[in-house]
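Going line by line, the protein sequences match chains A and B.
Going left to right, the first sequence walks through residues 1 to 70 as our numbering numbers them.
Going left to right, the second sequence walks through residues 71 to 206 as our numbering numbers them.
These are computed hints drawn from the structure, not numbers from a lab.
Hints may contain errors.
Once the Cα atoms are required to be at most 30 Å apart in a straight line, the calculated DSBU-like pairs of lysine-lysine come out as [stated by the list, open to error]:
| no. | chain 1 | residue 1 | chain 2 | residue 2 |
| --- | --- | --- | --- | --- |
| 1 | A | 24 | B | 128 |
| 2 | B | 128 | A | 53 |
| 3 | B | 203 | A | 53 |
| 4 | B | 147 | A | 24 |
| 5 | A | 7 | B | 204 |
| 6 | B | 147 | A | 7 |
Far from chain A by the CB rule (all over 12 Å, computed), these chain B residues [stated by the list, open to error]:
| no. | residue |
| --- | --- |
| 7 | 120 |
| 8 | 122 |
| 9 | 192 |
| 10 | 194 |
Cβ coordinates follow ideal geometry from the N, Cα and C atoms, glycine included.
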Amino acid sequence: MKNNLEKLRKQSNLSQEELAEILKVSRQTISSLENGRYNPSLLLAFKISDYFKLPIEEIFINEGENNEKR
Amino acid sequence: MKKDNYNVTLMSVLTVVGYFVGSTISALLGQSSHIVQLLSGSFGAVLAAFLHFLITWKKRPEAIKAMFVEQHDERLKTIREKAGHLTLLLFLALLFLMSFFSMVQENYEFLFFSGGLYILLVMIYFSLIWYLKKVI
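Just need the whole structure built from these sequences, with the hints factored in.
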C-alpha cells in the first residue's frame, strides 16, 4: 500500500519524532509507514486521517493484493 | 531511541546480575535450600530492575515514556507476535528432530519425553487457535 504520509508530514513541518509523539507510536513505525514497509491498523489509519483532516483514501492508496508487501 | 534501547539492555543485565547477587547472598548466609536461593535471586532481580526504573524515572523521565510507547506500539506488537510464532515453530521443529533421532538411536526415554512435549505443544497451539477464533 502506498501513502502520502511523508509528503503530508513535511507539509506540516513535522519531524518523524514529532509525528510519532502525536500519534503515540515509535519513530520507527512512522519511518516504516513512510517507506511502505508497514501497513497501519485501521485505528492508526483513522488517527492519521483525523490529524491531517483528510479522508483515509487520500492518505493511503490501495494498489491491490498483488502489490501487497506483507 | 538508541539510548532507550541501551536503557532496556542495561535493565536486563541488571536483572540477571541482581538474580545472581541475590542467590549468592542467600547461599553465603548458609541457605542450602534451592527454593530459598531461587526466591532470593528472584527478589534481587526484581529489586535491581525496580531501582533502575526509579533512577531512570528521576533522571530521564522521557526514557520511561518512550519505553511505554514502545510497549504499546502496534508495529512492535506485530513484530513480537511474528517472532513468538516463528520461535514456537522452530522449537517444534527441533522437538520433532529430537524425537526422530532418539527413535533412531533407540533412546525411548528421550523419545517419550520429546514426543510427548511435541504433542502437548501442538495440542495447546491448536486449542489456542480454536479458542481465539471464537473470541476475536
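*If any of the earlier hints don't hold here, list their numbers in rising order.*
As far as the earlier hints go, 2, 3, 5 are violated by this structure, in ascending order.
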